[in-house]
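Fit chain P to the known structure of chain C by using the hints.
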Amino acid sequence: GENVEQHPSTLSVQEGDSAVIKCTYSDSASNYFPWYKQELGKRPQLIIDIRSNVGEKKDQRIAVTLNKTAKHFSLHITETQPEDSAVYFCAANRGGSYIPTFGRGTSLIVHP
Amino acid sequence: GAGVSQSPSNKVTEKGKDVELRCDPISGHTALYWYRQSLGQGLEFLIYFQGNSAPDKSGLPSDRFSAERTGGSVSTLTIQRTQQEDSAVYLCASSPTVGQGYGYTFGSGTRLTVV
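Heads up: the sequence lines are chains C and P, in that order.
Going from the first sequence to my numbering is simple: count from 1 and add 142.
Going from the second sequence to my numbering is simple: count from 1 and add 949.
Treat the hints as calculated values from the structure; they're not laboratory data.
All clues stand as given, with none of them false.
Example chain P residues on the side facing chain C (calculated, C-beta under 8 Å, incomplete): (1) Gly991; (2) Leu992; (3) Phe994; (4) Tyr997; (5) Asp1005; (6) Leu1040; (7) Gly1052; (8) Tyr1053; (9) Phe1055; (10) Gly1056; (11) Ser1057; (12) Gly1058.
Ideal placement from N, C-alpha and C gives every residue a C-beta, glycine not left out.
One chain only, chain C, in its complex shape:
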């Protein structure tokens, strides 16, 4: 089955810096890669996603890149703000399955 590795588990940055979270996946048939943000005590929320026919997607301060050959994808947050502090989960859809496999999460802390 699909295996998704996410790094780092914790990321601490200063306000205004950039943050990068990386995920790798094992199933070359995976073709949908969503990212979720979970603030403390709240539900996970979809913030951006990318499909395998696209190499990069941007939405204001966040962007996601995908390298199908290397089977890794990354979330980039620029000009970080304290409200970006949360746990971020990546996911990849298993080939032949409609159920995504989630990474273990990255706790992002943005210091004012």
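Relative to chain C, chain P alone:
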């Protein structure tokens, strides 16, 4: 409804008792998913429904866990003879249909504590 609703939001139960957790998905969403999140951990897949059918039950931890969905809407996750290791937040999510390319909308979860 406007979002995914879960009830109860918190449940404390004694070890050995049965519990039922309810999920009401977004109106019109045919796909419904159950996940479990232990303290500080990731999202553990339990089961999903397409309509009233559950094609993938592979994530259910044991035969004490079961789920059903009726009318293509509300789903109930039942845990029988609860154990302390069942303590976690149980999250429900829905999407327009099952298929790659649909993100989830999650509910706020039910925090289950088994004492």
